[in-house]
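There are 2 protein chains.
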Amino acid sequence: MSKAITYELIKKDEATGARAGILHTPHGSYPTPIFMPVGTQASVKAVSPDELTDMGAGIILGNTYHLFLRPGADLIKEAGGLHKFMHWDRAILTDSGGFQVFSLGELRKITEEGVTFRSHIDGAKKFLSPEVSMEVQMALGSDIVMAFDECIPYPADFAYAKDSSARTTRWAERCRKTMTAENQGLFGIVQGGMYRELRERSAREITALDFPGYAVGGLSVGEPSELMREMLSVSTAFLPEDKPRYLMGVGTPDFFLAAVARGIDMFDCVYPTRVARNGLAMTATGRLVIKNSEYTHDHRVLEEGCGCYACRNGYTRAYIRHLFRVGEIFALRLLSLHNLWFLLEFMRRLREAILADRFSDFATDFLQGYKK
Amino acid sequence: MSKAITYELIKKDEATGARAGILHTPHGSYPTPIFMPVGTQASVKAVSPDELTDMGAGIILGNTYHLFLRPGADLIKEAGGLHKFMHWDRAILTDSGGFQVFSLGELRKITEEGVTFRSHIDGAKKFLSPEVSMEVQMALGSDIVMAFDECIPYPADFAYAKDSSARTTRWAERCRKTMTAENQGLFGIVQGGMYRELRERSAREITALDFPGYAVGGLSVGEPSELMREMLSVSTAFLPEDKPRYLMGVGTPDFFLAAVARGIDMFDCVYPTRVARNGLAMTATGRLVIKNSEYTHDHRVLEEGCGCYACRNGYTRAYIRHLFRVGEIFALRLLSLHNLWFLLEFMRRLREAILADRFSDFATDFLQGYKK
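Going line by line, the protein sequences match chains A and B. Just so we're aligned: 36 in this note's numbering is position 56 of the first sequence, and the numbers increase by one with no gaps anywhere. Just so we're aligned: 19 in this note's numbering is position 39 of the second sequence, and the numbers increase by one with no gaps anywhere.
Bound-form chain A, shown alone (with noise of 0.2 Å):
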């Protein structure tokens, strides 16, 4: 197994296993828990990586389904790989592209051998597998490379559940055996759907196969909030503590405290940059919907005290508000900026009050400020 991704454990808070480290990579360190911004098409939408860099992000995503059907993993590998293509010189984490395919629902035929489905451009018959999917993340060339697996819906039965994950299980051996690139590691996906029993064997599984790092799958995916939190530590209890913990597809602070307080060390989600183009902007009090009239005279900044490149300039909410309701580009940048700063700043200080023995206090004290 390649040795292209370790990671140091620094610093455990024992009252929730909360966990403070280093992630190495072979495109830099980076200190987690740590939120990876989403670069689904080789663009963290609205934003450049120049101004990535400055808000300090370490390592960010790109999306193999996407990637695979436009422009094409060969494409990618021409230019010189995916960080060189999108000019990203730091991390870079590519998912499978598992998730996309199944949530094609009627567009897509799942059998042992891997998906067959349909692009949802063009409507052209496709095929992913596990080494198919290997070889495409092979060709992007990302630091991390995520196993190719079925993300189970919910709710799903225990039977479908059962033989889901099993087959999550062969098909992570068969990313393992194709997957042989030195400088890129693979993760490796707990699933189990909602079944406890489930969960612990496919922990179990999976870890047998010792990959560099492990992501929790099947989370987030419509279940109630108590039953995710359950089945995440359910999840987590089964995992080494020497490797990455990663929670696929969340990205709101509550969430965050959550997880990591389960022993989560990487997040990810398109959710800061979506909404930023839907006009919201993300403050420790809540959401602030930057079109309501409430904001016309409001010559403040989104956050008071923030340090994101819209709020230290001095970019008002009345002046993004104004951008916003007359189609002006330059505010959904403004607002993803933020939205993203948000979220890289608190992760930066949870990580401190993890450090600091504080931990348990940040989380009460964050959770009493903040509206979902």
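You may find that some hints are simply not true.
One copy or any two copies: either way a pair holds, since identical chains are not told apart in the list.
[Claimed, not checked] Using 25 Å as the maximum straight-line C-alpha spacing, the simulated DSS-like pairs for lysine-lysine come out as follows:
(1) Lys(-9) <-> Lys64
(2) Lys105 <-> Lys271
(3) Lys271 <-> Lys64
(4) Lys106 <-> Lys271
I should point out that these hints are in silico values taken from the structure, not numbers from a laboratory.
Assemble chain B onto chain A, guided by the hints.
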């Protein structure tokens, strides 16, 4: 009359009349000839004020018509003026709103008093006049204020052009009376349609009012290029040497050369940012249609040797093509930055050529390689 705006003639090319100068404004002094990017709605589309500063932009435009409707002059005044509202500390020129209002066609009615029109946004009845335009532009606090005039459509008969130009003179007198701000300079606008006699008369009447600068209006409205050049020559012949001359709405290098050779110092146009959003990159050899399949595997920058943000950072045609095809906002930014840089840099080189007594050679050399 306010002394806010002054012009310093540095060098005149005797063969052509091309001028190199410096325009002094309350927000800095800028070399001329100058290209001024357009920030219609308090934002130069897809780029930030920092990016404009980095590329060496000196003066940008704001559109009175658009800002009058949204967010309204009162709000911008309350925010501390347009500079502060949009975070731009170099110079701003605002137009009078006349051009947009006249473009509304059936939706507007002209009287001696001013123009009644319906907003293109919600149909609300509005009124603009020399006095209202001046009051709005004083509220905006632009450095250079344009007189409220009628841009005569093409074609127009002699009688219409004569009456309209005479009214533009009367309106210019009313603008002059109303514009009392000490830190803003009011430019008069020469009209006269496509008639030499009326152009001369308008130029004589408008310059008699002794403005700190003059625009040549009513050109680039659909007339043949030869006619435009002729009317431009007639108009500038009657403008004083010690004042800047501004040709409104022209934004391609071939026209810059023709107009600078006829004594023009200032230009604005939405062209570079508008075509960027349509996927066009401007280069010294003509336009590059980025979505074309010929760029799929083209891993070169938009234009070799270009110093714009996109090119100097190595963003390739293949990458920008990909972003444009999949609808990523960042493509629009990269192309806008490139096109704006292209025109600003073109103007810097053109000015150097005037200073080095080789303007005609510069123009000939450029036009030989340039494809419209």
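Intra- versus inter-copy proximity for Lys64 and Lys271 (alpha-carbon distance at most 25 Å): between (37 Å within a copy, 20 Å between copies)
Intra- versus inter-subunit Cα pairing at 25 Å for Lys105 with Lys271: between (41 Å within a copy, 24 Å between copies)
Identical-chain pair category, Lys(-9) with Lys64, by Cα at 25 Å: Result: close neither inside a copy nor across copies, 34 Å intra and 46 Å inter.
Copy assignment of Lys106 with Lys271, given that the CA separation must stay at most 25 Å: Classified as between: cross-chain Cα gap 24 Å, same-chain 41 Å, threshold 25 Å.
Hint 1 from the list above is the single one not met by this structure.
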